[in-house]
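Next come the chains, spelled out residue by residue.
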Amino acid sequence: MSDKTNLNGRLHEAPAPESNETSQYSLNDDRRVKVLSPGAMVTKRFLRNRIAVVGLAILTFMFLFSFVGGLITPYAEDQQFYRVEYQNKEYAGVVRNEEFRFAAADGQKFDSVLQAQTLLAIQKNTPKFTYRNERYMLSREGEDFYRVAQGPNTLGIAYKDIVSSSVEGQAIPYKLQFEILKAYTNGDASFSLDGEDYAIDEDGGVFLGGEEVAFISRYVVQPVQNDVFLSRAFQEELVTELEDGADSFIFTDIDGEEHSYSVKYRPDLKRWTVMQATETRIYDTYAAPSRAHWLGTDRNGMDMLTRLMYGGRVSLIIGFIVEIIATVLGIILGGLAGYFGKWVDNLIMRIVDIFYCIPSMPIIIILGAAMDALRVDPQIRMLYLMLILGFLGWPSMARLIRGQILSLREQEFMTATEACGIRVSRRIFRHLVPNVIPQIIVSVTMGIGGTILTEATLSFLGLGVKFPFASWGNIINDVNNTFVLTTYWFIWIPAGLLLLLTVLAFNLVGDGLRDAFDPKMKR
Amino acid sequence: MRKFILKRLFYSIIIFFFVMLIIYALMRCLPTSYIESLARQRSMQPGSKSYEEWMAQLTSMYNMDKGILLGYFSWLKDFFRGNFGDSWYYTVPVVQKFHETIWLSFWMGLISMFFELVIAIPLGIVAATKQYSRTDYTISVLALAGISLPTFFFASLLKLFFSVKMGWFDLFGLVGRNYEQLSSWGQFLDKANHLVLPILTLVVISIGSLMRYTRTNMLEVLNADYIRTARAKGLDEKKVIYHHAFRNTLIPLVTIIGGSLPSLFSGALITETLFSIPGIGYTSYHAMVAGDIPFSMFYLAFLAILTLLGNLIADILYAVVDPRVRLS
Chain F
1 MSDKTNLNGR LHEAPAPESN ETSQYSLNDD RRVKVLSPGA MVTKRFLRNR
51 IAVVGLAILT FMFLFSFVGG LITPYAEDQQ FYRVEYQNKE YAGVVRNEEF
101 RFAAADGQKF DSVLQAQTLL AIQKNTPKFT YRNERYMLSR EGEDFYRVAQ
151 GPNTLGIAYK DIVSSSVEGQ AIPYKLQFEI LKAYTNGDAS FSLDGEDYAI
201 DEDGGVFLGG EEVAFISRYV VQPVQNDVFL SRAFQEELVT ELEDGADSFI
251 FTDIDGEEHS YSVKYRPDLK RWTVMQATET RIYDTYAAPS RAHWLGTDRN
301 GMDMLTRLMY GGRVSLIIGF IVEIIATVLG IILGGLAGYF GKWVDNLIMR
351 IVDIFYCIPS MPIIIILGAA MDALRVDPQI RMLYLMLILG FLGWPSMARL
401 IRGQILSLRE QEFMTATEAC GIRVSRRIFR HLVPNVIPQI IVSVTMGIGG
451 TILTEATLSF LGLGVKFPFA SWGNIINDVN NTFVLTTYWF IWIPAGLLLL
501 LTVLAFNLVG DGLRDAFDPK MKR
Chain A
1 MRKFILKRLF YSIIIFFFVM LIIYALMRCL PTSYIESLAR QRSMQPGSKS
51 YEEWMAQLTS MYNMDKGILL GYFSWLKDFF RGNFGDSWYY TVPVVQKFHE
101 TIWLSFWMGL ISMFFELVIA IPLGIVAATK QYSRTDYTIS VLALAGISLP
151 TFFFASLLKL FFSVKMGWFD LFGLVGRNYE QLSSWGQFLD KANHLVLPIL
201 TLVVISIGSL MRYTRTNMLE VLNADYIRTA RAKGLDEKKV IYHHAFRNTL
251 IPLVTIIGGS LPSLFSGALI TETLFSIPGI GYTSYHAMVA GDIPFSMFYL
301 AFLAILTLLG NLIADILYAV VDPRVRLS
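Chains as they are written, first to last, in my numbering: chain F, 1 to 523; chain A, 1 to 328.
None of these hints come from the bench; they were simulated from the model. There could be a bad hint or two in this list.
Stated by the list, open to error - Think about it this way: if two alpha-carbon atoms lie no more than 20 angstroms apart in a straight line, the pair counts; the simulated DMTMM-like pairs of lysine to aspartate or glutamate are:
#1 A:Lys-130 <-> F:Asp-515
#2 A:Lys-7 <-> F:Asp-345
#3 F:Lys-270 <-> F:Glu-236
#4 A:Lys-130 <-> A:Asp-225
#5 F:Lys-342 <-> F:Glu-410
#6 F:Lys-270 <-> F:Glu-99
#7 F:Lys-182 <-> F:Glu-143
#8 F:Lys-160 <-> F:Glu-134
#9 A:Lys-7 <-> F:Glu-141
Given only the sequences and the hints, what does the whole structure look like? Please build it.
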């Protein structure tokens, strides 16, 4: 009936462009009818189905995306990206010295009890004090600078300004310290010691013949780590910045390298903490979508879009190979069963029944876990996965082909092949199976979708395709981490959508093909 | 009829035998790390036998020292005597763990099946009666989308919208944090609340195929001659569809639904695992991944029996529902 409608439809359409000539043909002339091959008919019917065409378009896009996209993308499948992160590490501590410090003169004893007595005397502002029947003299040598003496002997000094050496690893002798302190606290710009002339500038630098030997300052700058030497220039600049109340500054060292520091003042300790920003290179994980990474990066710092492309490649290839294995097995066994019938059919169909009854998902999960335990190489594992899925998938194909062949073999053309003396294998695979190809194509198309879904589910559970290979399933696997689920949509939603669209497209195309091959089904 | 059933039953038993043989052989080929670690652990104890001796004792205890075929027969013997052994992973008798978890899965399956039927059958019929209309296309595409939807992706989407954005449900588990403090009614509501998303997932995932099945069958019936006759004699279209056509559509539907009844007990492996619902699917997933052979064997045997039972019920129902089959 459908053939008739098609013919009528075409009769109405065909004459239009060449109306003059067609009128001359007789009614049953073949030239009146545009003859289409069966393939062209199927194509035409398929293209008329808008939904199926949408499915085909999606599939085309997916193939281009995964197979061509992988070539176009500038990144490799497992290329990891880094980002530079600045971490503030405590670098130095600064304290403005508000307490007296003490130093013993060369060869003298100036113990802590005596130091405490000295402090008391300074606070009471008395030039003399007695301790354990000994008399001590306290003389003010400059601002916040005192000298303690017992008789003619100078025992030690009490001071607040701190003298440090400008040369790394060199200590300041007591005598020099005394002279520097005396000059600095009295505001003198120069002094001489042992016949050498020293000069002090307003920043507290002490120069000997134009070369800086020491400096004096009220601030104590100490590095957090013992092996770090803080240069005079750094300390000076730091102190100037601190007095200005700055909370960060940039210091250019002798080599011309710029370092940035941030400063924090803790009032409870009266201490400034200087933090240095250090660069650390870490994997650029879960980066948000940007110009360089259109879909961001994943948990390993790999480009998401590239992973998706390669993942699509893996998913599609697995889908195809599994279906090819299942189809080849199904055609051979189904063809044999259908053609020979009797005990062959019975045997093969019982095997099919057994396979139908095997719970495939649990079996695959168990095998996946076993491969985990045996630490199978990811690449070989992928191969095993395809073999297992293919081997578990053939029975439905065999059943389909057997059912079709069972009815086909009773038709006249089979009697003809028998009469011609064609070999049995040729009869089955050249004459019977081609008649089933439409059903095979439909079943394979929908089967690929199903296989991709199974593979994705396994990979999602961590039992299918493994890192470093990408697959849409193992990309979404990250969603098991609740933080990723809630925060990083770009990690799992694109992969899920691609998966959904691909499987849907395979199903749509399969449906469309079924209708196109067999218009009777779609009345 | 009885002869038919007996024959099918006999077939089922044969198939069960071979299915379990394949599964047993497979299980035996897996690395049995459990026995090794147990033997190592026990040989560590002071005054204990050596590792090799423990290994030998344990392998013979679990029938692992015999050949695959002999071992299979002893497993089969134990199985039919109702001796299912202890789970290695849960360290309780397999049947006890099974009993604890199966009912949750059953109720979950039953509720989702109810919703599936209530939604899928009417929609399938509507799609078939209005073939090629916009409704038909929408329903067909939605059904296909449901089939194509990866369970884990859909579950994640549900979690994102309903658990995270709306905060209506918890992300995981069967009971909430303050379950112990609730009254018995409150505990019931708490569990029900936790089952909403899993059941929604199950319904959406499996609704598509039933919808398509209904539509295809309804289309077939609508093209039958007796429908044309019914229309020709001027019957009301409603009566044609809901009285004549629908009843005939029910034949394959009842068959397929009856056949899927046993699978209510099989649990939803993926969905339960995704939502951490301690049903049979979740429990056996963990047992299987941990290489718990007694529990896995029991679960697989159980699944095989359910499948066979389903086929059997479908065959019988087909004969019962459709008188035409009975005649031939």
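Practice task
Taking the numbered hints from earlier one at a time, note which ones the structure violates and give those numbers from smallest to largest.
Solution key: Those not satisfied are hints 8, 9.
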